[in-house]
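Novice: These protein sequence lines map, in sequence, to chains G and V.
Note that our numbering has the first sequence beginning at 1, numbered continuously upward.
Note that our numbering has the second sequence beginning at 1001, numbered continuously upward.
Source of the hints: derived by calculation from the structure; they are not laboratory data.
Please note: incorrect hints may appear among the correct ones.
What the hints assert, rightly or not - Some chain G residues judged to face chain V by a derived CB distance under 10 Å, without partners named:
| hint | residue |
| --- | --- |
| 1 | L4 |
| 2 | V51 |
| 3 | R267 |
| 4 | G268 |
| 5 | I324 |
| 6 | P408 |
| 7 | W412 |
| 8 | R414 |
| 9 | Q465 |
| 10 | R472 |
| 11 | E480 |
| 12 | R634 |
| 13 | T637 |
| 14 | L649 |
To be verified - Here are the computed distance ranges between Cβ atoms for each label pair:
| hint | chain 1 | residue 1 | chain 2 | residue 2 | range |
| --- | --- | --- | --- | --- | --- |
| 15 | G | R335 | V | E1083 | 44 to 54 Å |
| 16 | V | A1087 | G | G309 | 31 to 41 Å |
| 17 | G | E337 | V | L1106 | 14 to 24 Å |
| 18 | V | V1013 | G | K628 | 56 to 66 Å |
| 19 | G | V313 | V | A1087 | 16 to 26 Å |
| 20 | G | V487 | V | R1082 | 53 to 63 Å |
Backbone N, C-alpha and C fix where the C-beta goes; we use that ideal spot for every residue, glycine too.
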Amino acid sequence: MAGLGFACLLLALVVCAYGIGASLYGVRSGRVEFSESGRRSVYALAGVLTVAFVVLEVAFLGNDFAFNTVADTSSRTTPALYRAAAVWSSQEGSLLLWAWLLSLWSSLALFLTRKRMRDVAAYATAILLGFGGFFVALMVFYANPFATTHPVPAEGVGLDPLLRFPTMMIHPPMLYSGYTLCTIPLAFGMGALLARRVDADWIKAIRRFAFAAWLFLGVGIMLGALWSYSELGWGGYWGWDAVENASLMPWLTGTAFLHSLMIQEKRGMLKVWNVSLVLATGTLAIMGTFLVRSGILDSIHAFGGHTLGVPFVCLIAVLIAGSIYLVVSRRAMLRSEHRLDSLLSRESVFIANNLVLVGLCFVIFWGTYFPLISEALTGQEASVGAPWFDRYTVPLALILVLLSGIGPVIAWRRATLANARRNFRVPIACALLALVVLLAAGIDSKPLALVMFCCAAFVFGSIGQEFFRGARARRAMAGESVPLALVALVRRNRRRYGGYIVHIGMAVLFIGVAASSSFQHSSQLSLSPGQSTRVGAFRIRYVRPTATITPRYDAAHTGSTLSLGALLDVTKNGHHVATLDPSEGFYASDEASQGSVGSLLGGQPVSHVAMDVGLTRNVWSAIEPDIKAPRLARIVTDGNSTLPPEEALVAIAYLAREYIKHPPPTQFNFLVSPLVMWIWIGGVIVFTGGLIALWPAPSVVRRRVAARTRARASRGLARA
Amino acid sequence: MGVQIAILTLVLVGLVVLVVGAPLRRARRAEGSASGAGRSLPEDAPALSPASERDELEAAREAKYREIRDAELDFRTGKLSREDYEAIDADLRAEAIEILNRLERLS
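Isolated chain V, as found in the complex (with noise of 0.2 Å):
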């Protein structure tokens, strides 16, 4: 029984270097590979900034498209007059442009 558990115990090990140092490995053999020199990173994996920043203007995008809706319906459920529905879209709008052209900017 105890062998059979520290055989357990050292697979367990095992699985868990294999898996928390795979990153680690991967990188390495990225770098050996690269010519040059130079660490390169993982192909799924952008620098932290510019990604950090689309995410951002993502999120605020889609937050803006949101709230977009939530004004429509609002003016549909009589919950808005026509006037202030209009100027409110308007404002959105000319924001998530301002959000839009900031990503395109980005790309």
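Next up, chain G with everything else stripped away, as it sits in the complex (with noise of 0.2 Å):
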């Protein structure tokens, strides 16, 4: 099958370059069936890339181990579920995911967009299948994900064990479609300067692409980060790594876009501004697939060689020069229609927003680049840590969570000093009580973290008034109750409210992330069983050791060969509180020099952390048994050199006993971590308002509330 899947790649790159030159063919000449024939092509290209995936995953679940690409991501052993999820693990595979999901993602922007701007779809068309060929060729000429070896090999690597986690198999599929979601404003963005069309209907044709770009990338980046807390045996959720700050960039400039739209879309402002934020948001994802997939900035998360570079930078290169030339040459029909009536308006507010998060989007870049630029100018590679990010990031991000209670707030055009007066007093009083209480219990060692609760409560004073005052209009005009009311109101004003709702995860997800960053208990210390340590108001106990094996047949393995742990007693003022068993898996390696005993354990081991999880606190734990005791070591040289390999597991299931009976002192890492909760929950609030905002209305509501504004607008109409 490994033909047929090759064969796709090469259909698929003569797909892209027929429709390249069919589309634009098809605008220049105004001839609309090549137009037609070019967008058909990215449809084509959807049905042909669709096959060459299940080719690849068909061969993942079915351990064809002839595929390159399945001998050395997966193998009999690793559960099915992640031998699926096994296809984007490689660079290959992953490269296949990037392409296929940008000609889905493609052809339903194409298809919505059939009867309308022909003449930019165009451009995108031809733009889109560049990416698409670009893609496809990087598999065709440097990662075939199709190459195969022969004699064909008994067994696979198997899947990085990093990776075996449900999140996992979500996060890449969530970031890639945002990325891929990421150029399809873009596309259209520079097909509206082609074809010099930069009205309001571009934008309303990519305003849904764009919001669901920043909605999956929003869920990539919170599952990234859960499986970052959750699974790596660091304890944290973000650690300002080039690859997750590659994602964040454009989730950054996404958001600032989203708003600044609105100006456009109201009063015809900022086009030179939004139509660069679009061509920044989708250069800015390539560059995040650049960084995952060139390997040229150490990550924890870049899985890809160093192969890919050159034609990335080309890439890259070719979209700044291109954007650049664009916004420069077409600056005289970008100009503003309107000027800002007056600096107390929403319209000032969201500049000053867009101002903060390309500040921030700014500060990132150059801590994650700072590497490259310093080896470039210096000769040495340096970087920055977390410090440095914290530095500039944290008073960004408090300006930014008041920004988002005021905006609300504040009406469009002009607000009158009196109004604004009045509506401040209900969010600063929120924000004041939150000041007050906070200092009466004592929080007051962390001035920015109090500085945040303050700003959040003056945010969740500020949407609450805005949801009371449009539900009391609501009831004044309808008589409705107050939940029905409510959710009439937010039906109606889907994005107004959505936002909204966005507005509160946000600062709800601040707390979070204010609390457990500023208020975090920590330990790292050594125990023997018996033994406890304080962390924050807990104790923990190292009750006793655990040892589990899993032989590689046993239908319940996991991937590791052996998992030693402990079992730990936390109790707070003498009472019981949980129960944690971490532990560390230990893998097999595919290098025979560790000897018969040694290669069952020599591979990468793997923390699984154990925690108990409250909407107050987190306790976390996480151990590293030393494998390497003089017992324990002694164990597997003895083994390596009298066992052959397929007795090699009576040494192991030996060295867990021993491990049971004479455990040696054990390092732990005891985290006590306030209201990390609330950062999920944050996450979930954002992503549910960010589908309010996106859902489309009913056609029902639309169509009366059009009607109605119709009328209003025709009385106007009569008069004049």
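Two independent chains are provided; combine them into the complex using the hints.
Specialist: Structure (structure tokens):
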């Protein structure tokens, strides 16, 4: 079947080349049938890449080790669900996933705009097929997912143990959906500039896709953070890692665009800014893919090799140069139709919010690419750490949260000072109340966290007031009950109130971040059974060691040969709170030089974190058993010299028994973090709000509201 | 297996040609059946310029309607004084009327 897969790639390349030519010829010559044929090339690309993807999936699920990618990233003992997800753990498979998702989203975008903006859509088609062609060419010439090997290996290497977690099955497709969706506004933005049609229509066409990109990227980022917190042994959810940052940057510029596009829709302003944001977001998405796939910067998330750097750099250079040329050459038609009426208006707040978001993006960009910049300028690689990022991002995040509370209570166009004073009364009262309560509770040791809590309270006050007043106005008009009025309010103004819910979610999320990072208690120490330690208000006692052997032929095999852990008793003020059982899995390596027993444990060990999760705090634990302790190391050495590979598991069983009978002192990592749960709850609120804002209004409601507005405008027409 | 793959590949190529080439075949048929000279476009393919202008104006109209609704909501939720609301609403309606007039002229 590898032949069919590769034939699909070749066919996809031909389809891309033809589609680009047909679209450009169609739009330049006015021959609509060619533009139409170009659009259908995107559908065909989606079909062909779907077949290619299915071929690779079938190979993974069927353990077809003739495929190099299957042999390198899967094995018979990898559980079926992880085998299905292993497709995108390899360089080659992830490129195919990228191209496939791009073709699907592009098809949807072009299908929805098939009756509109034919000239813009034709250019967009060519650009999207250009991206598709680029990724397909990478697979054909550099990283072929259908490359085979002979003789066929009897067994594969298996999936990287770090990726054997449910969140990692969903995280990459979400992130890649976000990245690929970012290229759709970019393609339409470039198309609008090329077609010289930078009006309201292209903004309307791409709005939902920009929103969907923001949503998918956000979900991907949150899932990555959740994976990092609950699976990796360091206890953090964000480490300012290069790949994490790469996904955050387009999300930030995308957030800025979602705000500033409203100003263009309403006032015809900020056209240069908006089109620049769209182009920057798309380019940053490609750069994000480049970081993961080129391996150019060190990252725990970078799974690619070093072969794709040059083609990606060329693509990014073309994108940046093309974007600058288009914006500069079309600057005359991008002039604003109106000017800012007042500094006290929602437009002003949105502009401030845009500056903060882009400022955040710039800081993160500088910090992420600093190693490359430093190497280019001084010849020495240097990097910046979390304290550097925190120094600049924390104040900007505080301003951002504050602005997310100010914007909703200020009117479009112009607000009077008297109205503003009246509207700010409740939010300021909420912030002051929060300040008094927190100071009274003695939470004054971390001023920045305190400011964040007060800003969040300001947001709750501001948005709460908006919902209250909106529902009150609705009740006055329709005489509905409070719950009905609230539902009707949101249904009829999805973008506005969905956006407000997003603001609430962000405030909740930042409360979680501020509390967990400022008031965390941690302890890293070595304990023997029976010993205990105090972490914050909790006492944690090492009760006894645990050990599990899971032979590779076992049905419940998770991939690790041996798992060593501990049973921990967590108490508070003498009362039992939880029992935790952190462990570390030891995996086989394919290095025969480690010996028959050593090779069963020689792979990368993976920590299995244990937590007691609560709304107010999480007690988090990880363990690093000392498998190199003299007693245990001797068993491995003796086993290597006496046992053949087929009997090596006997030594592992003996090692496990020895670990339980004579446990060596073991290294533990404990964290007590307040309000971590609220980061994830905030994330869920953000994406619920995002979905509400993205969801199209029911056609009946839309028609009724449009008819009412038309009637009102017509009354003006009659008077005119 | 090799033959099966070759057949599957050919089927795939055939399907791609069928999907991608459909608009070209349709246009050629239309050209052939059209009496006299000139190329005729498919029925659902209006010429670019008037449709483009109408699309633009319709998008601008929808945006203006939304702006009128937003201003009303801003007033009802206490963000705009009555004087400011009436002035803004009158401006917005005038702008909406201008767009409606242009749309009417176009049709």
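Novice: Next step is simple, just say for each hint if it's right about the structure.
Specialist: Hints and how they fare:
1. L4: holds (5 Å)
2. V51: holds (6 Å)
3. R267: holds (8 Å)
4. G268: Constraint on G:G268 satisfied, holds at 9 Å.
5. I324: violated (26 Å)
6. P408: holds (9 Å)
7. W412: For G:W412, the interface hint holds, since the closest Cβ of chain V sits about 6 Å away, which is under 10 Å.
8. R414: Holds, because the Cβ-Cβ distance from G:R414 to chain V comes to roughly 6 Å (cut-off 10 Å).
9. Q465: holds (8 Å)
10. R472: holds (8 Å)
11. E480: Given a least distance of 14 Å, the restraint on G:E480 is violated.
12. R634: At about 52 Å, which exceeds the 10 Å cut-off, the nearest Cβ of chain V leaves the hint on G:R634 violated.
13. T637: violated (48 Å)
14. L649: violated (38 Å)
15. G:R335 x V:E1083: 44 to 54 Å: violated (31 Å)
16. V:A1087 x G:G309: 31 to 41 Å: 58 Å Cβ-Cβ, so the 31 to 41 Å window is violated.
17. G:E337 x V:L1106: 14 to 24 Å: Given about 19 Å between the Cβ atoms, the range holds.
18. V:V1013 x G:K628: 56 to 66 Å: Given a distance of about 58 Å, which is inside 56 to 66 Å, the answer is holds.
19. G:V313 x V:A1087: 16 to 26 Å: violated (54 Å)
20. G:V487 x V:R1082: 53 to 63 Å: The hinted range 53 to 63 Å is violated for G:V487 and V:R1082, with Cβ atoms some 28 Å apart.
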